[in-house]
Amino acid sequence: KQEVTQIPAALSVPEGENLVLNCSFTDSAIYNLQWFRQDPGKGLTSLLLIQSSQREQTSGRLNASLDKSSGRSTLYIAASQPGDSATYLCAVLEGTYKYIFGTGTRLKVLA
Amino acid sequence: DGGITQSPKYLFRKEGQNVTLSCEQNLNHDAMYWYRQDPGQGLRLIYYSQIVNDFQKGDIAEGYSVSREKKESFPLTVTSAQKNPTAFYLCASSGSREQYFGPGTRLTVT
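So the sequences go chain by chain: H and W.
Per my numbering, the very first residue in the first sequence carries number 1; after that it's consecutive.
Per my numbering, the very first residue in the second sequence carries number 1001; after that it's consecutive.
Worth flagging that the hints you see were computed from the coordinates, not collected in a lab.
Just so we're clear, the structure is a prediction, and the values are computed from it rather than from any experiment.
Where a beta carbon is used, it is the ideal one built from N, C-alpha and C, also for glycine.
Some clues are possibly wrong.
Claimed, not checked - Using C-beta positions, here's what the derived DEER-type ranges look like:
| # | chain 1 | residue 1 | chain 2 | residue 2 | range |
| --- | --- | --- | --- | --- | --- |
| 1 | H | 20 | W | 1040 | 19 to 25 Å |
| 2 | H | 81 | W | 1098 | 40 to 46 Å |
| 3 | W | 1062 | H | 81 | 24 to 30 Å |
| 4 | H | 40 | W | 1083 | 44 to 50 Å |
| 5 | W | 1095 | H | 81 | 41 to 47 Å |
| 6 | H | 20 | W | 1028 | 42 to 48 Å |
| 7 | H | 96 | W | 1067 | 20 to 26 Å |
| 8 | W | 1062 | H | 95 | 40 to 46 Å |
| 9 | H | 18 | W | 1073 | 23 to 29 Å |
| 10 | W | 1057 | H | 18 | 21 to 27 Å |
Claimed, not checked - Computed list of lysine-lysine pairs in DSS-like fashion (alpha-carbon distance at most 27 Å, straight line):
| # | chain 1 | residue 1 | chain 2 | residue 2 |
| --- | --- | --- | --- | --- |
| 11 | W | 1070 | H | 98 |
| 12 | H | 98 | H | 68 |
| 13 | H | 108 | W | 1083 |
| 14 | H | 98 | W | 1014 |
| 15 | H | 1 | H | 108 |
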């Protein structure tokens, strides 16, 4: 059974720091991996989608990598800002429909 | 504006009452999903639908029901059989294997 883990559960960093969020999964037979951001009391916003054949995707200050063989993905945030404070979730797609979510990393960027 | 709408944002009900949560999308996606989110837990799949007039149970379907009569709409009914219905409910749709989420409905049952 696929399990998705995100460590740490919470992280506080000073503004301007570069940081890495981790996502690991137990079964490498995934179709893709998606990173989301969730603000308190809100829905999830898609940040980056990495297909299983890809190694990384970039959008602005965000870069996500995928290593299927080791069951890992990282989300790199450059030059963090207070506005980046949120919970970040990763999800893997198994087969054609089933998304398995991690429990998220709660990020706080201090001004 | 393309997206997913959920209504209402907050919903309060008395124990023993059924309640229906609305989810509408104008993204022309075939697949739609309902998740439940509780504090400290990941998203758990309640029901999903890959096409109109067809839907399947997810991991925690007991006490919930859905319908999919139109491509754009996927309402969720929380029945009195659901033992612990107070939670944040999220609707999603997917196209090209990428998921998009609505803003969520927070249901409180007392």
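Right, here's what the structure says about each hint:
The beta-carbon spacing between residue 20/H and residue 1040/W, approximately 23 Å, falls within the hinted interval of 19 to 25 Å. Our hint of 40 to 46 Å for residue 81/H and residue 1098/W is violated, since their Cβ atoms are close to 25 Å apart. Checked against the hint of 24 to 30 Å, the pair residue 1062/W and residue 81/H fails, with Cβ atoms roughly 43 Å apart. Roughly 26 Å separates the CB atoms of residue 40/H and residue 1083/W, a value that falls outside the hinted 44 to 50 Å.
Range check, residue 1095/W to residue 81/H: Cβ separation about 31 Å, and the 41 to 47 Å hint is violated. At about 36 Å, the CB distance of residue 20/H to residue 1028/W disagrees with the hint of 42 to 48 Å. Take residue 96/H and residue 1067/W: their Cβ atoms lie about 22 Å apart, and the range 20 to 26 Å holds. In this structure, residue 1062/W and residue 95/H break the distance hint of 40 to 46 Å, their C-beta atoms being roughly 23 Å apart.
Between residue 18/H and residue 1073/W the C-beta distance comes to about 43 Å, which lies outside the given range of 23 to 29 Å. Taking the beta carbon of each, residue 1057/W and residue 18/H are about 43 Å apart, not inside 21 to 27 Å as hinted. A threshold of 27 Å between alpha carbons decides the hint, and for residue 1070/W with residue 98/H the separation of about 21 Å falls inside it, so the pair holds. Between residue 98/H and residue 68/H the CA atoms are separated by roughly 18 Å; this keeps the pair inside 27 Å, and the hint holds.
For the suggested pair residue 108/H and residue 1083/W, the alpha carbons sit about 34 Å apart, so the restraint of at most 27 Å is broken. As the CA atoms of residue 98/H and residue 1014/W are separated by approximately 33 Å, the hinted pair breaks the 27 Å bound. A C-alpha spacing of about 32 Å is found between residue 1/H and residue 108/H, which places the hinted pair above 27 Å, so the restraint is violated.
Checked against the numbered hints given earlier, this structure breaks hints 2, 3, 4, 5, 6, 8, 9, 10, 13, 14, 15; the rest are met.
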